[in-house]
Every structure is written in C-alpha cells, then in structure tokens.
Amino acid sequence: MATSPRKSSTENNINDTELVQAIQVGRIDLYQELVSRYERKLYNFGLRMCRNTSDAEDLVQDTFLNVFKYLKSFRHEAKFKNWLYKIAASICIKKRRQRKYAPEQTLSLADFSSRDETEMAKGPPRWTNIPLDQLLNEELAEMLSDTIHALPEKYRIVAVLRDVEGFTTTETAKILDITPANVKVRLHRARLFLRDKLKDYFEHDHSYPST
Amino acid sequence: MNTTTATHQHDSRCLDLFKKLSEYIDQELDEVTCKQIEQHLENCSPCRACLETLKTTAGLCHRIEEASVPTSLSNRLKKMIFELTY
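So the sequences go chain by chain: A and B.
Under the numbering used here, the first sequence has 7 at position 6, and the numbering climbs by one with no breaks.
Under the numbering used here, the second sequence has 83 at position 75, and the numbering climbs by one with no breaks.
Next up, chain B with everything else stripped away, as it sits in the complex:
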C-alpha cells in the first residue's frame, strides 16, 4: 500500500481511512485511531491529498459571508411582532 506514485491503488486501509477522514478533521476519533491515520498519511500521498482537500472544503464553508437582512423581511418581522405583542 505505502506507495506515493501515480500508480497508487486504494487498498482496504486507504478505504477504511477514507471513511473516517471527516471525523479525523473534526477531532472526533480516539487517540489510537488518530495515530494509525497519521502513520498512514505519512506514507500515502493520495490520502493526504484527500485529507487536505476536505479540510479546505470544510474551512471554506465556515467562511462564507452572511448576507444582511433585507428591509422587506425586517418590515415583515416588525409587523408580525406588533400583531403578536399588542
């Protein structure tokens, strides 16, 4: 398995890791599993690529800017609150 060449083929260890990558990014795995993954990543370039692309994806989602509340909605909410509370 531990090849970094273009002929890399996922074996069962790669596939097992592939399923757990998001949990690894989110630090939701136990220490033993994390160590196993880190050892595997040291020698497996495609799995490292998968990890880094996933990390970037999650990070970008978290940084999408929020839109402002449009005046139309703000007015609707004010009217609703007035009707509910008076």
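Just chain A, same shape as in the assembly:
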C-alpha cells in the first residue's frame, strides 16, 4: 500500500481553508498535501460509484486534475471538501452520459409500501436489534457494496453522499445541483431498495450474531 511522505509541522497543523489559500497564493508544493488528505476518501467514493477499481482510479486522477486547474477560482463559498465532491460527482455523471444511452430505472414508492404491508406485520425483524458493529461482517459488507452498485445511478449517488460519506441533505443538494426535496425523495427510495435486499439476505439462512 502507498505511504505518505513525511509531512512538515506546517502541513499537519493547517486546516483545509488555510491549505487551499496557501496553494492559491503560490505554494503549489503543498498540492501533494491536499491530495494526500482526500485521495482515500475520493477513491472509496469512486469505488462506490464505478463498477471497477480502474474507473475509480481514473475518477480520482481526473478530479485532482480539475481541482488543480480550477483551484485559483475557488472562492471558499463552500467547504473545500464539498467543492471537491462536486467536481467528482460531475465527472461521474458526465462519464455515464458518454456511455451508451440506456434509460435509468425509476424506483417506485408503491412497490416498496405494498411489500411492507405483507411482510412487516410481526414487527421489527431480529436483525434490527443487533448492534451494527456486530452485524456488519465481511460478507454483509460485500453484499451491501454490491447492492449499492445495483442502485440506479441517480439514487446511488445520493445514497453514497448521504449515508456513506455523511454529507447533509443541503450539502448533497448543492453538490449535485438538485433541490433538497429531490435529495430526500431519492435517498428514501435508495434506502428502501437497500433495505429490501438486506431483508432478503437475512431471511435466507444467513447467520448473524445473537443479541
């Protein structure tokens, strides 16, 4: 695995805003530090959004190339991290548009609600009572990652930004240039989609720790 070069105390002690401002006034030697701070986060964002490691690597490189190109014009109106993800998200969306056009599936709320009506009558299933850290083993993590990939892209990007990366609704809306209401709708449907796969997983003989 890659290791970071030794950092000076200045690099360690400054926050993103100060670091970006320093680069903007000419300290381009600090760009490596900016990349080091976010390469892992962005690579994992890429892994969730793309279907393979090679595309995820391309996404990271393209994002940092664009960040370097446009950093001078960054006005600090948003957090640097949010601006970075806005660039990464727009690259993802652009790449999808460049691929052969296939209409995206829309997730309907009615499908989920009718299924719940018949399956949830007995109350919360046992797996919801198990602490999350005990529940999430390697197999489940892999299944969840595969299921995130199976989400249509417009839902996947919202679920990744909100539930994996931890951005707020408002931040996600700004990153994607959509309304907060739209973020909420897409997130709810994405969660229902993922939840249904989890229900199937636990109902089909997958063992999980007892409470």
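No wet-lab data here; the hints were simulated from the structure.
Remember, predicted model here, so these are calculated numbers, not experimental data.
Accuracy of the hints is not assured; some may be wrong.
[Unchecked claim] Quick partial rundown of chain B residues pointing at chain A, CB under 7 Å, derived from the structure:
#1 Leu25
#2 Glu31
#3 Ala66
#4 Val77
#5 Arg84
Glycine included, every Cβ here is placed at the ideal spot set by N, Cα and C.
Given chain A, put chain B in place with the hints provided.
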C-alpha cells in the same frame, strides 16, 4: 388502522408516514410531525418494523469500511502532481 396483527393493512396514515420515515430518521421533520409519527408508531407494528429496518440500513451504510489507496493510484497521483507542479 391501529392494529398490530398479521392482517394489518396500510391505510392513508401509514402511507403518509411511510413517505416520511427517512426524514424522521434524519431528524429533518418539525416537532409536530415527529410527535404524530411517534404516536402512530406506538400502535403500529408494521410501521415500527419499517422504521427499524430503514434505520439499520442507513447505519450499516455509514459503517462500511474504506479500502486503502492502491499503490498504482498513489504512483499515478505522484506522477501527475510532479508534472503539474514542476
């Protein structure tokens, strides 16, 4: 509506709540709506099940471990930075 038996049928209140469950989990609803939802949940086992499964789903997503940066990417980025900055 307020039945907890296996014959439960979603009525309009259940469906209205169903649409708002993620916002409820994310604490994005006003106090009045939250209270209405909590009152409904006290007596509606299927809606409680829906809430708990959704909460667990969101919580699991947040806990997926991050992969390390592969050496191939790290090398590509170093080369890119060198070319950009020297």
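Each hint tested on the structure:
1. Leu25: Given a least distance of 10 Å, the restraint on Leu25 of chain B is violated.
2. Glu31: holds (6 Å)
3. Ala66: holds (5 Å)
4. Val77: Holds, about 5 Å.
5. Arg84: Hint on Arg84 of chain B: holds, closest Cβ of chain A at ~6 Å, below 7 Å.
Consistency with the previously given hints fails for number 1 only.
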